[in-house]
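Kindly generate the complete structure, drawing on both the sequences and the hints.
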Amino acid sequence: MPVNPPKMAPKATPEDQILDSTLRPGTFEEYIGQEKIKANLRVAVGAARKRNDQMEHILLHGPSGLGKTTLAFLIAKELGSNLRITSGTALEKAGDVGSILTGLSNGDVLFIDEVHRLNRNVEEVIYPAMENYKLDIVIGKGNSAKTLQIDLPRFTLIAATTKISALSAPFRSRFGLNFRLDFYNEKDIEKILSRSSKILGVKVEKTALESMAMASRCTPRVANRILKRVRDYAQMKDADIITADLAAKSLSMLEIDQKGLEETDRKILLAIANKFNDGPVGLKSIAAAISEEEETIESVYEPYLMQLGFLARTPKGRVITAGGKEHLGIMPKQTLDL
Numbered sequence: 001m002p003v004n005p006p007k008m009a010p011k012a013t014p015e016d017q018i019l020d021s022t023l024r025p026g027t028f029e030e031y032i033g034q035e036k037i038k039a040n041l042r043v044a045v046g047a048a049r050k051r052n053d054q055m056e057h058i059l060l061h062g063p064s065g066l067g068k069t070t071l072a073f074l075i076a077k078e079l080g081s082n083l084r085i086t087s088g089t090a091l092e093k094a095g096d097v098g099s100i101l102t103g104l105s106n107g108d109v110l111f112i113d114e115v116h117r118l119n120r121n122v123e124e125v126i127y128p129a130m131e132n133y134k135l136d137i138v139i140g141k142g143n144s145a146k147t148l149q150i151d152l153p154r155f156t157l158i159a160a161t162t163k164i165s166a167l168s169a170p171f172r173s174r175f176g177l178n179f180r181l182d183f184y185n186e187k188d189i190e191k192i193l194s195r196s197s198k199i200l201g202v203k204v205e206k207t208a209l210e211s212m213a214m215a216s217r218c219t220p221r222v223a224n225r226i227l228k229r230v231r232d233y234a235q236m237k238d239a240d241i242i243t244a245d246l247a248a249k250s251l252s253m254l255e256i257d258q259k260g261l262e263e264t265d266r267k268i269l270l271a272i273a274n275k276f277n278d279g280p281v282g283l284k285s286i287a288a289a290i291s292e293e294e295e296t297i298e299s300v301y302e303p304y305l306m307q308l309g310f311l312a313r314t315p316k317g318r319v320i321t322a323g324g325k326e327h328l329g330i331m332p333k334q335t336l337d338l
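Quick note, the sequence shown lines up with residues 1 to 338 if you use the UniProt record's numbering.
None of these hints come from the bench; they were simulated from the model. One or more hints might be untrue.
[As the list claims (entries may be wrong)] Under the rule of at most 30 angstroms between Cα atoms (straight-line distance), these lysine-lysine pairs were calculated in the BS3-like manner:
no. : residue 1 : residue 2
1   : Lys275    : Lys187
2   : Lys77     : Lys36
3   : Lys203    : Lys275
4   : Lys198    : Lys77
5   : Lys163    : Lys187
6   : Lys325    : Lys163
7   : Lys206    : Lys249
8   : Lys38     : Lys187
9   : Lys237    : Lys38
10  : Lys259    : Lys198
11  : Lys316    : Lys163
12  : Lys134    : Lys163
13  : Lys93     : Lys146
14  : Lys249    : Lys267
15  : Lys228    : Lys191
16  : Lys259    : Lys275
17  : Lys198    : Lys36
18  : Lys228    : Lys267
19  : Lys228    : Lys206
20  : Lys36     : Lys259
21  : Lys228    : Lys198
22  : Lys134    : Lys146
23  : Lys259    : Lys203
24  : Lys38     : Lys191
25  : Lys237    : Lys36
26  : Lys249    : Lys191
27  : Lys36     : Lys206
28  : Lys228    : Lys77
29  : Lys237    : Lys259
30  : Lys187    : Lys249
[Said to hold, decoys possible] FRET-style restraints, in silico, Cβ to Cβ:
no. : residue 1 : residue 2 : range
31  : Leu148    : Arg180    : 22 to 28 angstroms
32  : Gly201    : Ala47     : 38 to 44 angstroms
33  : Gly323    : Gly201    : 35 to 41 angstroms
34  : Lys36     : Pro315    : 27 to 33 angstroms
35  : Gly329    : Ala90     : 42 to 48 angstroms
36  : Ile150    : Lys284    : 30 to 36 angstroms
37  : Glu30     : Lys316    : 43 to 49 angstroms
38  : Asn121    : Gly282    : 30 to 36 angstroms
39  : Gly329    : Asp240    : 19 to 25 angstroms
40  : Ile150    : Ile241    : 18 to 24 angstroms
We put the beta carbon where it would ideally sit given N, CA and C, even for glycine.
This is how it looks when you write it as structure tokens:
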């Protein structure tokens, strides 16, 4: 079942798609944050180029919007290779994988986004392709079935996923490089916003950058979306520079608070606090209470709420923390002395 995106990640307009491409870093130097991952990738890319050999397959995982796709672009660019892009949902049958793999050239990079959506039959076709650069095709059925093996060009597979636990152990073990992208800190988000504002030709006060960074859910994609919406608001107000006051009014219109919480985030926390007596409560119950899909809550909203320390998962279910109640202005329940 597809995941419904949060409010700050609406369906991209053609203009947004062009801007996203424009704001994407072109080199590792321009890519802000994830310093340890960049350092390791520089070594791996540099060593592969010195050996004139194919780079190992790479698995990138972590919450959405942190730069997994951008890293794939940068790796391919640093290798001087062509990049082919597809997604786990697009590869429904073994034939889909075969047509893509046979269409690659030596040295190409294949990027599969949301790789956890691959079914097991497709995964098993990819195994020999990753290890031996061979594709096994079964011709016929039953006793007359025959296996045909096709040699493939030497390629690098870069796979990205937001749910690494959904990948089978044999599949994960075939990646030579495995990196988890973490949420960004506010200083790095400010640097990203500063760089993006210069590309967009928008003047932004330092205090406005700080307030937008705080509301960006520690995520570059959300930060850039907020910047574009605040820019739109500033243009409608004929403002030459984005001030902290103007940014605050724009965020208020978007129903985003100073911690980056949106309406659905608040609904989740309020449901646990008011309808389920602070928890613990199961995911199904929360989803039913706020009319939202379980997968959306688990993959889109919960990671950030847990990062803030507003929500906790226990063996019995989800609970709202003291910090979450304080943020919502919920008074702690009084214990009556009997």
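Comparing the hints with the structure gives:
Pair hint lysine 275 plus lysine 187 does not hold up; C-alpha atoms about 37 angstroms apart against a cutoff of 30 angstroms. A hinted pair counts as satisfied when its Cα atoms are at most 30 angstroms apart, and lysine 77 with lysine 36 qualifies at roughly 19 angstroms. With a C-alpha separation of about 45 angstroms, the suggested pairing of lysine 203 with lysine 275 is violated against the 30 angstroms cut-off. At roughly 23 angstroms between alpha-carbon atoms, lysine 198 and lysine 77 fall within 30 angstroms of each other, so this suggested pair holds.
For the hint pairing lysine 163 with lysine 187, the CA-to-CA distance comes to about 27 angstroms; that is within 30 angstroms, so the pair holds. The straight-line distance between the Cα atoms of lysine 325 and lysine 163 is roughly 28 angstroms, inside the 30 angstroms bound, and the hint therefore holds. With a C-alpha separation of about 16 angstroms, the suggested pair lysine 206 and lysine 249 falls inside the 30 angstroms cut-off, and the hint holds. Between the alpha carbons of lysine 38 and lysine 187 the distance comes to roughly 18 angstroms, so the proposed pair stays at or under 30 angstroms and holds.
Taking the CA atoms of lysine 237 and lysine 38, the gap is about 40 angstroms. The hint is violated against a cut of 30 angstroms. At roughly 25 angstroms between alpha-carbon atoms, lysine 259 and lysine 198 fall within 30 angstroms of each other, so this suggested pair holds. The suggested pairing of lysine 316 with lysine 163 holds, with an alpha-carbon distance near 22 angstroms, which does not exceed 30 angstroms. A distance of roughly 27 angstroms separates the Cα atoms of lysine 134 and lysine 163; the hinted pair therefore holds under the 30 angstroms criterion.
Of the pairs offered as hints, the one joining lysine 93 and lysine 146 holds, with about 18 angstroms between alpha carbons and a cut-off of 30 angstroms not exceeded. Proximity of lysine 249 to lysine 267 is assessed by CA-CA distance (about 22 angstroms); at most 30 angstroms being required, the pair is judged to hold. Between lysine 228 and lysine 191 the alpha-carbon distance is near 16 angstroms, which keeps this suggested pair within the 30 angstroms criterion. With a C-alpha separation of about 23 angstroms, the suggested pair lysine 259 and lysine 275 falls inside the 30 angstroms cut-off, and the hint holds.
Taken as a hint, the lysine 198 and lysine 36 pair is honoured in the structure, with Cα atoms around 26 angstroms apart against an allowance of 30 angstroms. The straight-line distance between the Cα atoms of lysine 228 and lysine 267 is roughly 26 angstroms, inside the 30 angstroms bound, and the hint therefore holds. A threshold of 30 angstroms between alpha carbons decides the hint, and for lysine 228 with lysine 206 the separation of about 17 angstroms falls inside it, so the pair holds. With a C-alpha separation of about 26 angstroms, the suggested pair lysine 36 and lysine 259 falls inside the 30 angstroms cut-off, and the hint holds.
Distance restraint check for lysine 228 and lysine 198: the Cα-Cα separation of roughly 12 angstroms lies within the 30 angstroms cut-off, and the hinted pair is therefore satisfied. Note on lysine 134 and lysine 146: the hinted pairing holds, with a Cα-Cα distance of about 16 angstroms set against a maximum of 30 angstroms. For the hint pairing lysine 259 with lysine 203, the CA-to-CA distance comes to about 23 angstroms; that is within 30 angstroms, so the pair holds. Between lysine 38 and lysine 191 the CA atoms are separated by roughly 17 angstroms; this keeps the pair inside 30 angstroms, and the hint holds.
Simply put, lysine 237 and lysine 36 have alpha-carbon atoms about 42 angstroms apart, too far for the 30 angstroms limit, and the pair is violated. Distance hint between lysine 249 and lysine 191 is fulfilled; the C-alpha atoms sit about 22 angstroms from each other, no more than 30 angstroms. About 27 angstroms separates the Cα atoms of lysine 36 and lysine 206, which keeps this hinted pair within 30 angstroms; it holds. With a CA separation close to 27 angstroms, the supplied pair lysine 228 and lysine 77 stays within the 30 angstroms bound.
Note on lysine 237 and lysine 259: the hinted pairing holds, with a Cα-Cα distance of about 25 angstroms set against a maximum of 30 angstroms. Taking the CA atoms of lysine 187 and lysine 249, the gap is about 22 angstroms. The hint holds against a cut of 30 angstroms. Range check, leucine 148 to arginine 180: about 38 angstroms between beta-carbon atoms, so the 22 to 28 angstroms window is missed. Distance hint check: the CB atoms of glycine 201 and alanine 47 are about 39 angstroms apart, consistent with the given range 38 to 44 angstroms.
One distance hint, 35 to 41 angstroms for the beta-carbon pair glycine 323 and glycine 201, holds here, with the actual separation near 39 angstroms. Between lysine 36 and proline 315 the C-beta distance comes to about 32 angstroms, which sits within the given range of 27 to 33 angstroms. Distance hint for glycine 329 and alanine 90: a CB-CB separation of about 45 angstroms, consistent with the stated range 42 to 48 angstroms. In this structure the hint that isoleucine 150 and lysine 284 lie 30 to 36 angstroms apart at CB is violated, the actual value being about 46 angstroms.
As the Cβ distance of glutamate 30 to lysine 316 is approximately 46 angstroms, the hint placing it in 43 to 49 angstroms holds. One distance hint, 30 to 36 angstroms for the beta-carbon pair asparagine 121 and glycine 282, holds here, with the actual separation near 32 angstroms. At about 36 angstroms, the beta-carbon gap between glycine 329 and aspartate 240 misses the expected band of 19 to 25 angstroms. Distance hint check: the CB atoms of isoleucine 150 and isoleucine 241 are about 60 angstroms apart, inconsistent with the given range 18 to 24 angstroms.
In terms of the numbered hints stated before, the structure departs from hints 1, 3, 9, 25, 31, 36, 39, 40, listed from lowest to highest.
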